[in-house]
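Novice: So you can see what is in the structure, the chains are spelled out below.
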Amino acid sequence: MLNDFVIRFANVNGTGSASANTMFAKAIFRMGIPVSPKNIFPSNIQGLPTWYEVRVSEKGYLGRREGIDLMLSVNPQSIPKDIANVKPGGYFLYDSTKDLHKDLLRDDIHFLGVPMMQLCMDKFADPRQRQLLKNMVYVGAIAALIDIEVPVLHQIITEQFKGKEKLITANFEALEMGIQYAKEHFQCPFPHLRVERRDNVGDWILMDGNSACGLGAVYAGATVLAWYPITPSTSLADAFGKYAKKLRVDPHTGKNNYAIVQAEDELAAIGMVIGANWNGARSFTATSGPGISLMSEFLGLAYFAEIPTVLVDVQRGGPSTGMPTRTQQSDLIAAAYASHGDTKQVLLFPSTPAECFEHMTTAFDLAEQLQTPVLVMTDLDLGMNDNMSPPLHWDDNKVYQRGKVLDAEALEKIERFGRYLDVDGDGITYRTIPGTHPTKGSFFTRGTSRDEYATYTEEGPAYVRNMDKLARKWETAKTYVPAPEFYQQEKQSNVGMIFFGTTTYAALEAKDLLEEQGIPLDVMRVKAFPFSDAVKTFIDEHERVFVVEQNRDAQFKSLLINELGTDSSDLYSILNYDGFPITADLIRQKIFKNLVGKLPPPFVPEKIGPPGAESSE
Amino acid sequence: MTFVRPVFRHPESPKNKLGYTRKFYEGALSTLCAGCGHDSVSGAIIQACFEMAVEPHRVAKLSGIGCSSKTPTYFLANSHGFNSVHGRMPSVATGAYLANRDLMYIGVSGDGDSASIGMGQFVHAIRRNLNITYIIMNNGCYGLTKGQDSATADKGSVNKTGAANMYNAIDMAGLALELGATFIARSFSGDKEQLIPMIKAAMSHPGFALIDVVSPCVTFNNNVGSTKSYDYTREHMEATAAVDFVPMMTEITTEYNEGDAVTVPLHDGSLIHLSKLAKDWDPRDRQSAVNRLYQAKAQGEILTGLIYIDTESRDLHSILHTTEQPLNLVEQHQLCPGSTVLEQINAGLR
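These protein sequences, in sequence, are chains S and L. For the first sequence, the tail end lands on 617 under the working numbering, and the numbers increase by one without skipping. For the second sequence, the tail end lands on 350 under the working numbering, and the numbers increase by one without skipping.
A couple of the hints might just be wrong.
[What the hints assert, rightly or not] Here are the simulated lysine to aspartate or glutamate pairs, EDC-like style, with alpha carbons at most 16 Å apart:
| # | chain 1 | residue 1 | chain 2 | residue 2 |
| --- | --- | --- | --- | --- |
| 1 | S | K59 | S | E516 |
| 2 | S | K255 | L | E238 |
| 3 | L | K160 | L | E178 |
| 4 | S | K59 | S | D4 |
| 5 | L | K23 | L | E55 |
| 6 | S | K404 | S | D426 |
| 7 | S | K536 | S | E475 |
| 8 | S | K398 | L | E55 |
| 9 | S | K440 | L | E55 |
[To be verified] Reference listing, derived: stretches of chain L covered by chain S, where coverage requires no fewer than 3 residues with Cβ under 8 Å from a Cβ of chain S:
| # | region |
| --- | --- |
| 10 | 120 to 131 |
| 11 | 179 to 187 |
| 12 | 265 to 271 |
If you're looking for bench data, these hints aren't it; they were derived computationally from the structure. Glycine included, every Cβ here is placed at the ideal spot set by N, Cα and C.
Just need the whole structure built from these sequences, with the hints factored in.
Specialist: What follows is the structure, given as structure tokens:
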């Protein structure tokens with residue numbers, strides 16, 4: 001339990017708990033202990049229950065884990081459910097300003113009451129401040145109970161409220177009240193469930209994927225963002241705006257080297273992105289499932305007319321409005337084959353904020369090199385939660401890959417420009433940007449069938465030539481996209497596991513758990529669609545391959561079968577689609593059962609000690 | 001439909017100040033029906049660009065889907081064109097304009113494209129004051145799908161099947177007035193005298209310049225009983241004024257009657273001269289423009305000419321405070337903050 005537990009905060013939405021909870025997670029991170037916080041929030045602005053779950057894992061496992069060791073409860077609405085969710089032997093820390101109803105009590109967990117609201121009522125005059133500082137009181141109590149270094153918390157508070165001395169003082173006071181109350185009433189710290197400083201986070205950072213994508217777009221040279229608000233992608237657009245305001249204002253003129261338009265809907269957002277890219281600027285949008293549905297027609301145009309387009313899909317629970325504040329990987333097929341007719345779209349699957357950052361440049365480079373849409377497929381779990389990640393990396397020698405674009409000088413040398421003439425044989429043709437040359441290089445971009453010179457045609461052979469050229473380009477794309485990552489030096493098992501995106505955290509932990517049980521696996525993380533040849537080789541080399549994904553219909557497996565012609569009986573799905581991030585234990589159980597023929601030994605929660613032992617009351 | 005266009009041109013064809021003849025501004029041969037109003041509008045665009053000595057490659061022409069949206073193929077062959085998806089030209093044009101503020105944008109749409117499927121985009125492009133000359137070739141019907149009524153067909157107007165339209169019409173000029181458009185005009189494809197200067201003025205306007213052009217469909221909506229036929233439009237046209245567009249630095253030669261004439265200076269020094277036909281109307285006053293439009297409607301007239309202009313128009317880039325340099329020319333070293341800055345950002349995330 002030392003540096004290995006899960007704590008959940010049960011809050012009321014809109015009461016300022018998020019900032020206190022974030023400070024808590026950051027304090028543990030700064031003590032050098034890997035931490036993985038997750039927001040479990042409602043589609044609501046104020047009033048409904050919201051949870052913040054923090055997994056602390058000395059070993060660095062960042063996936064979600066079932067079983068709550070310590071529940072912090074300040075939300076009367078959800079108390080029965082919150083009490084029920086605590087692991088036997090675990091702790092329930094609550095605001096005891098009001099007594100708990102005795103029917104709610106369990107005899108297999110510890111109840112620790114701190115009169116948080118009362119303490120704040122006695123100390124602070126302003127009602128709103130009382131509410132906000134109550135959050136710091138529980139942070140203080142938990143800090144004392146699990147032994148968080150108080151100077152670390154002080155430092156974080158000081159940074160958070162920099163320049164607002166009064167707030168710093170008030171927060172220090174509230175924190176201290178919590179610490180003192182806990183020390184006076186309970187045995188502090190807990191003997192087992194506690195943290196102790198380590199050096200296990202190295203130079204890693206704590207960042208949400210949406211911010212990383214937004215910043216990544218700034219570094220990638222994006223100048224036009226068009227978007228429509230939708231959870232969970234909104235904070236990505238906000239992040240681009242925030243970083244652009246800081247990093248993209250011309251120091252001499254004070255004018256913006258970027259433009260952001262909040263469009264009237266997703267159709268307009270993607271239309272603007274296509275228009276801007278067509279005109280030679282790097283432009284992108286961010287959306288989620290319903291936006292993908294709406295943008296599909298335009299994605300077909302960009303595919304067929306061959307216009308670079310970058311879109312980030314922060315996936316949420318579908319179908320329809322689905323679960324807007326829960327996570328899934330369920331837009332895969334909609335994205336991969338977005339639009340009517342024969343279409344295929346390039347997808348990227350980042351799994352950390354560092355990769356979100358990096359993939360934005362990759363996406364723009366690929367979009368311009370391949371002259372086609374590239375969809376960066378993240379999800380709510382990656383996008384909206386603070387994820388521990390390797391630091392963001394930028395190589396100053398990197399040059400944006402703008403693809404085959406002819407300038408005026410190049411056009412001068414050409415006898416006749418053919419926008420869709422495959423002179424290199426790789427399916428990628430040369431394009432021109434409007435305004436380049438007075439008499440050469442102009443062409444008509446259209447969603448209708450055209451010949452090599454962009455002239456409208458309904459001739460069957462010309463149409464087929466064009467469609468075949470696009471298929472040729474798809475083959476070329478396989479060699480351009482990021483290759484899969486392997487986590488073993490050489491083949492060590494006949495059993496393989498494939499995963500991608502946020503499934504990575506839990507999958508890698510499951511690999512370790514299974515290895516401990518004597519079941520070694522070869523694993524592969526796929527980073528892009530179309531699948532490169534290495535993906536097929538991996539599947540062919542293993543007798544049985546598990547495909548781990550977070551949707552009901554095994555969409556990723558379908559893509560593998562559809563694109564690689566893989567024998568479907570070799571592939572086994574491990575699925576999770578309840579809206580919560582997949583856990584290592586679920587993967588472990590399913591693989592174990594499949595291979596051994598029975599369920600693995602059940603997950604036995606550790607008992608910490610007899611209930612009430614820590615209470616001095 | 002014309003199958004062959006004579007290649008012969010008079011050797012002494014007049015040239016504009018760039019040294020180009022009118023032919024340089026033409027496009028591919030039209031595939032629209034013979035007598036289609038849209039071809040006349042294309043002709044007016046060609047003439048306006050020729051007379052204004054516009055560099056064709058500095059123009060981007062965009063459209064949606066429909067008969068009208070086919071026309072950009074038929075003018076300005078040396079301009080890049082973009083035939084987008086149905087009703088979505090405004091968004092594509094917005095993106096294109098954001099990427100390069102230095103080009104001139106001509107958007108061509110129809111009544112189905114703008115008043116029905118693309119109504120949302122039309123409305124919001126106006127709100128943002130996108131810098132574009134936005135021409136609606138308005139014939140009250142869907143031509144490519146064989147003559148269904150569109151949302152601009154007048155109530156009671158009879159289409160070719162003999163059926164009277166049951167619904168109220170959307171008046172695109174009136175709607176644009178309501179939305180705060182900064183340049184609103186209406187014209188008739190059969191009235192080049194009016195249409196050409198109108199297009200020139202629209203191209204000089206820094207903001208959303210709407211020209212709603214009644215452009216009869218000879219095949220499906222030119223019958224007796226239609227309120228968008230050639231005959232009906234000619235009979236019911238009521239001009240706001242005789243219009244003359246005077247480009248910047250050009251000497252004014254036309255005489256105007258004192259009292260009836262209004263001269264509207266544009267931002268670039270060009271002038272629009274209007275010989276007013278209604279004394280109580282001032283094209284710079286939105287309220288009087290609204291009154292004039294409603295008055296005409298009540299009298300069963302099709303009000304044409306310049307209806308409203310905001311001479312203080314601030315376009316989208318001005319609103320967004322974007323750099324003067326086209327965004328598509330801003331270079332990597334200006335765009336990418338580099339690794340040192342990134343290290344600082346990393347440090348702030350620990």
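Novice: Which hint numbers doesn't this structure obey?
Specialist: 2, 3, 8, 11 and 12
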